[in-house]
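Construct the complete structure from the given sequences, taking the supplied hints into account.
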Amino acid sequence: MKLLYLVIGDIRFQIKYGFYFLYAVFSVLYIIILVLLPQNTIKTATALLIFTDPSVFGLIFMGSIVQFEITEKTFDSLCIAPIRPVDYLFGKLISLSLLSWIVGMLVGLIAGDIPNLFWFSVAIIAGSMIFSAVGMIFAFRTDTLNKFFLSIVPIMIFGMIPGVLHLFDILPWWMIFHPGVAIVEMLISGSQAIVALIITLLWMVLAFWVALSTVRNRFGREEGDNR
Amino acid sequence: MIKVKDLAFSYTPKPFIENVTFEVNNGEIFGFLGPSGAGKSTLQKILTGVLRHYTGSVSVNGVNVKSANAAFYEMIGVDFEYPSLYEKLSGNENLIYFASLYKNHRDIDALIKSVGLQFDANKRVYEYSKGMKSRLNFIKALLHNPEILFLDEPTNGLDPSNALMMKDIIRLEKSKGKTIILTTHNMQDATELCDRVAFIVDGKIRTIGTPRNLIMSRGAAQITYSYIDESLEKFASVSIDSTAIDPSLLAAISCNKLSSIHSSEPSLNDIFIEITGRSLQ
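As given, the protein sequences belong to chains F and P, one line each in that order.
Under my numbering, the residue at position 177 of the first sequence is numbered 225, and the numbers go up by one with no gaps.
Under my numbering, the residue at position 103 of the second sequence is numbered 104, and the numbers go up by one with no gaps.
Please keep in mind that the hints were generated in silico from the structure rather than gathered at the bench.
For glycine and all other residues, C-beta sits at the position ideal for the given N, C-alpha and C.
It cannot be assumed that every hint is accurate.
Claimed, not checked - Taking lysine-lysine and the DSSO-like style, the derived pairs with C-alpha atoms no more than 27 angstroms apart in a straight line are:
1) F/Lys-121 x P/Lys-134
2) P/Lys-89 x F/Lys-195
3) P/Lys-134 x P/Lys-6
4) F/Lys-121 x P/Lys-179
5) P/Lys-67 x F/Lys-121
6) P/Lys-6 x F/Lys-64
7) F/Lys-64 x F/Lys-50
8) P/Lys-67 x F/Lys-50
9) P/Lys-89 x F/Lys-64
Unchecked claim - Part of the chain F face toward chain P, derived, beta carbon under 8 angstroms:
10) Thr-122
11) Ser-125
12) Ile-128
Stated by the list, open to error - Label-pair ranges, simulated between beta-carbon atoms:
13) F/Val-201 x P/Leu-173: 27 to 33 angstroms
14) F/Phe-206 x P/His-54: 44 to 50 angstroms
15) P/Leu-173 x F/Thr-192: 37 to 43 angstroms
16) F/Asn-164 x P/Ser-58: 55 to 61 angstroms
17) P/Lys-124 x F/Leu-213: 46 to 52 angstroms
18) F/Trp-257 x P/Lys-15: 30 to 36 angstroms
19) P/Ser-68 x F/Trp-221: 45 to 51 angstroms
20) F/Ile-63 x P/Ser-162: 34 to 40 angstroms
21) P/Ser-130 x F/Ile-242: 58 to 64 angstroms
Shown next as structure tokens:
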């Protein structure tokens, strides 16, 4: 129940701080781009737009949200509230993944080409969760928004470029172990989608584990925490 | 209610909080008095389970704060010295959100009204003045009707009438049996509100006592008077326990020559300076 209230609170926060407005603008822009593209490029373009935005941008949004909470000191109030660090983490991951999924589906269904609705949805949610968790890790390890943006540049490059290259089928098979490649494989409903799902789940577990220990540390609960 | 024994903590290798031992009774208002950087807020963070890398023992209502869990946080309310509010949400939305994190909560409208924010409840917090944010922050700590309140400089930045309103609410909470930890450098607040105070300087408690006893233990009050002598006004002072043997005073009274008489006693601030050698303000 508390997780539900945290998710609702985070959605309200994202609406008030303009995240939904920003995404609405980008969605319209992506739909216009897809409508104007030649028919034979739409499948690749859809995967490219969805992978580089709704899937991955959780990284930037999560960092911004956490930095806002630190700046406005509301994080201090959450530290002394009866919530568990795991609820705090998943409240944000779920709310951002939901936003990513809505935008991805909207763009994909209106103007894009979705090869398989199930894999498309799984890819967006998994991608958003992994990159949002990474965003939280970096947000808590930097003390200003500028430092946060600088710190995630390498993650953006190494996380996104292999995924984009995979769309053009120019990577060796073993690159499927890369999380970006695995997410794109599911987005396009490729032949290795099941393998990609398993690999993505392993990356999710790793990202959640590191993010949770980071959040616990910031909550001051690293010692004797039984919440 | 609160038991602290041999507490030591530091952010750096250099010792900071050292050998701190005290107890706070159920239903008591206990004040931590000290200048900025004395360790008051750090002590509050330890008592609320935010800082756990300390040595010694700290228990709040029987709970070792190193293993504080959700039930512990249902039991305490914390009013930070600084606003801890979502600036783009309204005052009302802030309270609704924080209330949703607790099992039970008080009537939000009544709380808002109690601090005079009923006409501003739907304004976004960034439109609030410093005093309005302080009042909202204060009732945020009361939302879930906690048994123990930690108040850090609750009247800071408030005008006298709002400060008075806040102090009345604190007294009301005490009358309901709440235990209140008041962290302040405002000796007037401490004198008016606290049952007992602890003087903290450089991470150490120098003394603990009731404000009245601390004041009275440091010498008797003084009587200052003036009288007319050969058409000139003269001033003199005498300790209140020596008035019967002060010849000038006795003569002035017997000849009806007193022109003024005042009693004065040291303030808590004077006592603080005397004991610690430091100023509170």
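Status of each hint after checking the structure:
The straight-line distance between the Cα atoms of F/Lys-121 and P/Lys-134 is roughly 13 angstroms, inside the 27 angstroms bound, and the hint therefore holds. Our distance criterion of 27 angstroms between C-alpha atoms is met by P/Lys-89 and F/Lys-195, whose separation comes to about 23 angstroms. Taking the CA atoms of P/Lys-134 and P/Lys-6, the gap is about 35 angstroms. The hint is violated against a cut of 27 angstroms. Among the hinted pairs, F/Lys-121 with P/Lys-179 is consistent with the structure: their alpha-carbon atoms are about 26 angstroms apart, no more than 27 angstroms.
Between P/Lys-67 and F/Lys-121, the direct Cα distance comes to roughly 23 angstroms. Compliance with the 27 angstroms bound is thereby established for this hinted pair. Among the hinted pairs, P/Lys-6 with F/Lys-64 is inconsistent with the structure: their alpha-carbon atoms are about 46 angstroms apart, more than 27 angstroms. As the CA atoms of F/Lys-64 and F/Lys-50 are separated by approximately 21 angstroms, the hinted pair is consistent with the 27 angstroms bound. Among the hinted pairs, P/Lys-67 with F/Lys-50 is consistent with the structure: their alpha-carbon atoms are about 23 angstroms apart, no more than 27 angstroms.
The straight-line distance between the Cα atoms of P/Lys-89 and F/Lys-64 is roughly 6 angstroms, inside the 27 angstroms bound, and the hint therefore holds. Evaluation of the F/Thr-122 hint against chain P yields a held restraint, the C-beta minimum of about 6 angstroms falling below 8 angstroms. Against a cut-off of 8 angstroms between C-beta atoms, the interface hint on F/Ser-125 holds, since the closest Cβ of chain P lies about 4 angstroms away. At a threshold of 8 angstroms, the smallest CB-CB gap from F/Ile-128 to chain P is about 5 angstroms, leaving the interface hint in force.
In this structure, F/Val-201 and P/Leu-173 break the distance hint of 27 to 33 angstroms, their C-beta atoms being roughly 54 angstroms apart. Checked against the given bound of 44 to 50 angstroms, the beta carbons of F/Phe-206 and P/His-54, roughly 35 angstroms apart, lie outside it. Our hint of 37 to 43 angstroms for P/Leu-173 and F/Thr-192 holds, since their Cβ atoms are close to 41 angstroms apart. Take F/Asn-164 and P/Ser-58: their Cβ atoms lie about 59 angstroms apart, and the range 55 to 61 angstroms holds.
Here the CB-CB span from P/Lys-124 to F/Leu-213 is close to 51 angstroms, well matched to the stated 46 to 52 angstroms. In this structure, F/Trp-257 and P/Lys-15 meet the distance hint of 30 to 36 angstroms, their C-beta atoms being roughly 34 angstroms apart. Checked against the given bound of 45 to 51 angstroms, the beta carbons of P/Ser-68 and F/Trp-221, roughly 49 angstroms apart, stay inside it. Restraint check, F/Ile-63 to P/Ser-162: a C-beta distance of roughly 37 angstroms satisfies the suggested window 34 to 40 angstroms.
Between P/Ser-130 and F/Ile-242 the Cβ separation comes to about 59 angstroms, which falls inside the hinted range of 58 to 64 angstroms.
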